[in-house]
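**Q** Chain by chain, the residues run as shown.
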Amino acid sequence: MSSEMISSSAVTVDAPVRESGEIVFERVSKSFATNTYPAVDQVSVKITACDLVVLLGPSGCGKTTLLKMVNRLYEPDSGKIWMGGKEIHTLPVNELRRQIGYVIQQVGLFPHMTIQKNISVVPHLLGWQEKRINDRLEMLMELIGLPVSYLPRYPRQLSGGEQQRVGLARALAADPEILLMDEPFAAVDAINRERLQSELIDLHSKLNKTILFVTHDVEEAFRLANKIIVMRAGKLVQYGTPLELVTQPENEFIEDLVGSSNILRKLSLVNVNSILKARKNQSIYSGGSQPVEKPNTVLRPEDDLRSVVSLLLCSGKDSLPVKDSVGHLLGTVGYADLREMLISNLPSE
Amino acid sequence: MELLQDAFQYYINNQSFFWNATRQHLVLSSFAMMISLLIALPIGIWIAKRTGLAQIVINIFNAFRVVPSLAILFLALPYLGLGFFPSLIALTVLAFPPVLINTYTGIRGVDAFTIEAATGMGMTKTQVMAKIEIPLAIPAIVTGIRIASVEVISSATLASFIGGGGLGDFITRGFALYDVPIMLVGALPVALLALSSETFWSLFLRRYQVPEILSN
Numbered sequence: 011m012s013s014e015m016i017s018s019s020a021v022t023v024d025a026p027v028r029e030s031g032e033i034v035f036e037r038v039s040k041s042f043a044t045n046t047y048p049a050v051d052q053v054s055v056k057i058t059a060c061d062l063v064v065l066l067g068p069s070g071c072g073k074t075t076l077l078k079m080v081n082r083l084y085e086p087d088s089g090k091i092w093m094g095g096k097e098i099h100t101l102p103v104n105e106l107r108r109q110i111g112y113v114i115q116q117v118g119l120f121p122h123m124t125i126q127k128n129i130s131v132v133p134h135l136l137g138w139q140e141k142r143i144n145d146r147l148e149m150l151m152e153l154i155g156l157p158v159s160y161l162p163r164y165p166r167q168l169s170g171g172e173q174q175r176v177g178l179a180r181a182l183a184a185d186p187e188i189l190l191m192d193e194p195f196a197a198v199d200a201i202n203r204e205r206l207q208s209e210l211i212d213l214h215s216k217l218n219k220t221i222l223f224v225t226h227d228v229e230e231a232f233r234l235a236n237k238i239i240v241m242r243a244g245k246l247v248q249y250g251t252p253l254e255l256v257t258q259p260e261n262e263f264i265e266d267l268v269g270s271s272n273i274l275r276k277l278s279l280v281n282v283n284s285i286l287k288a289r290k291n292q293s294i295y296s297g298g299s300q301p302v303e304k305p306n307t308v309l310r311p312e313d314d315l316r317s318v319v320s321l322l323l324c325s326g327k328d329s330l331p332v333k334d335s336v337g338h339l340l341g342t343v344g345y346a347d348l349r350e351m352l353i354s355n356l357p358s359e
Numbered sequence: 003m004e005l006l007q008d009a010f011q012y013y014i015n016n017q018s019f020f021w022n023a024t025r026q027h028l029v030l031s032s033f034a035m036m037i038s039l040l041i042a043l044p045i046g047i048w049i050a051k052r053t054g055l056a057q058i059v060i061n062i063f064n065a066f067r068v069v070p071s072l073a074i075l076f077l078a079l080p081y082l083g084l085g086f087f088p089s090l091i092a093l094t095v096l097a098f099p100p101v102l103i104n105t106y107t108g109i110r111g112v113d114a115f116t117i118e119a120a121t122g123m124g125m126t127k128t129q130v131m132a133k134i135e136i137p138l139a140i141p142a143i144v145t146g147i148r149i150a151s152v153e154v155i156s157s158a159t160l161a162s163f164i165g166g167g168g169l170g171d172f173i174t175r176g177f178a179l180y181d182v183p184i185m186l187v188g189a190l191p192v193a194l195l196a197l198s199s200e201t202f203w204s205l206f207l208r209r210y211q212v213p214e215i216l217s218n
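Protein chains in written order, with the working numbering: chain A, 11 to 359; chain D, 3 to 218.
Calculated from the structure, these hints are not laboratory results. A few of these clues could be false.
What the hints assert, rightly or not - Each computed DSS-like pair below joins lysine-lysine, with the alpha-carbon atoms no more than 27 Å apart:
1) A:56 with D:51
2) A:287 with A:276
3) D:127 with A:327
4) A:96 with A:216
5) A:245 with A:96
6) A:333 with A:216
7) A:245 with A:276
8) D:51 with D:127
9) D:133 with A:141
10) A:237 with D:133
11) D:127 with A:90
12) A:96 with D:51
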């Protein structure tokens with residue numbers, strides 16, 4: 011999956027099947043009458059088919075506006091949006107929308123319809139045969155991990171997490187190439203959110219869908235994304251893989267976002283897979299750029315060990331001197347000490 | 003107790019008159035309801051998407067409501083004359099506001115995100131209205147119809163003043179003769195009819211209620 015994705019992004023044109031899930035924004039702008047500045051300002055970006063791309067930024071940065079222009083809930087003032095090589099305005103609007111899965115934070119399940127009816131809305135709109143819909147329903151329930159006995163229930167009888175799963179199944183019902191997700195997990199409790207996130211990662215690897223996912227939650231963005239689009243005040247600030255954002259932040263805004271001051275936070279944002287992928291790609295991971303700064307880092311007796319790890323990593327050394335406030339050397343502490351201490355458990359005071 | 007016995011006796015002696023009046027009362031009420039539903043429901047749905055217009059329309063119909071039903075009857079008298087037809091008009095006008103306002107607020111009250119989801123999935127405006135907004139507004143709409151029905155059934159007694167017939171005939175007659183039992187022959191069935199319509203609509207509404215909890 012991952013290697014295919016890299017090759018399809020490297021060779022942009024010759025994968026026609028993949029193409030249908032590609033989204034291209036070309037200098038897209040949108041203003042609302044209530045604001046003086048544009049909500050989306052000249053955004054150009056190409057989203058490769060089958061990527062899970064997260065739109066990240068503070069509230070009001072235009073990420074949701076950009077998303078909703080894909081299924082034409084908002085119309086751009088200028089610019090073009092291409093979906094699988096077709097400008098989206100060349101299609102009848104409802105035909106376009108039926109080809110795109112759409113999941114929102116508030117879930118928006120129809121309270122007067124059973125789960126079964128909710129999920130089969132788009133297949134019905136597309137005129138699918140009853141048999142085909144029923145097969146699809148069974149398959150979708152299995153995919154989202156809910157028993158088929160839930161089908162005759164009403165949304166209100168399900169928990170928040172279950173409802174959002176149904177929302178996802180409904181969006182996937184007609185097997186769209188593209189899935190738009192507008193802060194889908196923001197209203198779910200922390201435990202369920204994490205589960206839903208892993209399920210989404212899992213689904214994405216199984217289903218070959220292009221997913222455009224809006225969030226303001228940095229951890230969530232880095233957890234899910236193949237690529238992240240960071241937006242601020244309507245403008246695209248940076249578009250790159252999580253690793254690129256952490257290792258090569260475009261500006262201070264991105265640095266703050268990924269927490270450049272805290273190296274452990276930075277580490278927590280990137281997963282092993284993105285390093286492996288980057289290594290294969292040979293583009294960013296150019297084999298250990300030397301840690302440059304702070305050759306004279308000194309530890310203080312009161313430093314907590316988390317910051318010690320952070321300082322060690324930054325210094326590029328295996329151990330650091332410990333000095334008190336007047337500069338007396340008290341000893342050295344290094345990785346070996348930490349490792350030893352952790353293995354023999356934390357010492358009691 | 004004696005009053006009731008007397009009333010029953012009066013009913014026994016005037017059975018054909020009583021059933022005729024009851025029939026008139028029902029015809030008058032149900033026609034008034036049907037006409038006002040035919041007009042107020044579409045208007046309510048239509049103005050639900052036009053907030054500015056909605057305020058004007060609702061205010062106009064509310065203004066009608068402030069005028070007492072009896073006054074409407076007498077106001078209509080010079081133009082429409084006596085009898086069934088002017089009574090029907092007055093009752094129809096009376097039923098408008100609850101139906102109209104409840105239809106409007108019911109549709110306006112549908113969660114914006116539900117509508118966004120439906121639109122985003124590719125439903126046309128008509129489909130969103132027919133499959134999402136109206137079904138979700140049903141409880142509010144039916145409540146409006148329920149209120150209107152009770153008002154119409156009880157107000158239909160006034161039709162008797164301008165020769166519209168109905169159970170009000172007993173009330174006016176009893177009043178003229180200072181005969182309470184005769185009044186009861188009109189008043190009790192009217193109360194009973196109003197209660198039955200209330201019950202009918204409540205039961206109807208229950209069918210639309212989504213079960214809250216379902217045991218495994």
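**Q** Does residue 276 of chain A lie within 27 Å of residue 245 of chain A when you go C-alpha to C-alpha?
**A** OK: residue 245 of chain A and residue 276 of chain A at ~24 Å, within 27 Å.
**Q** Given the hint that residue 333 of chain A pairs with residue 216 of chain A, test it: the Cα-Cα distance must not exceed 27 Å.
**A** violated, 54 Å
**Q** Taking only the CA atoms, is the gap from residue 133 of chain D to residue 141 of chain A under or equal to 27 Å?
**A** Holds, at about 22 Å.
**Q** Next pair to validate is residue 127 of chain D with residue 327 of chain A; report whether the Cα-Cα distance is within 27 Å.
**A** violated, 65 Å
**Q** Within a Cα-Cα threshold of 27 Å, do residue 96 of chain A and residue 216 of chain A meet the stated pairing?
**A** holds, 26 Å
**Q** Just to be careful, I want the Cα atoms of residue 96 of chain A and residue 51 of chain D compared with a cutoff of 27 Å; is the pair within it?
**A** With Cα atoms ~33 Å apart, residue 96 of chain A and residue 51 of chain D exceed 27 Å; violated.
**Q** Between residue 51 of chain D and residue 127 of chain D, is the straight-line Cα distance small enough, at 27 Å or below?
**A** holds, 11 Å
**Q** Would the pair residue 287 of chain A and residue 276 of chain A pass a check requiring their Cα atoms to be no farther apart than 27 Å?
**A** The given pair, whose Cα atoms are some 18 Å apart, holds under the 27 Å limit.
**Q** Does residue 90 of chain A lie within 27 Å of residue 127 of chain D when you go C-alpha to C-alpha?
**A** Holds, at roughly 25 Å.
**Q** Do the alpha carbons of residue 56 of chain A and residue 51 of chain D lie within 27 Å of each other, as the hint requires?
**A** violated, 37 Å
**Q** Is the hinted pair residue 237 of chain A and residue 133 of chain D satisfied, with a Cα-Cα distance of at most 27 Å?
**A** violated, 38 Å
**Q** Sort out whether residue 96 of chain A lies within 27 Å of residue 245 of chain A, counting only the CA atoms.
**A** holds, 24 Å
When the structure is compared with the earlier hints, violations turn up for hints 1, 3, 6, 10 and 12 and for no others.
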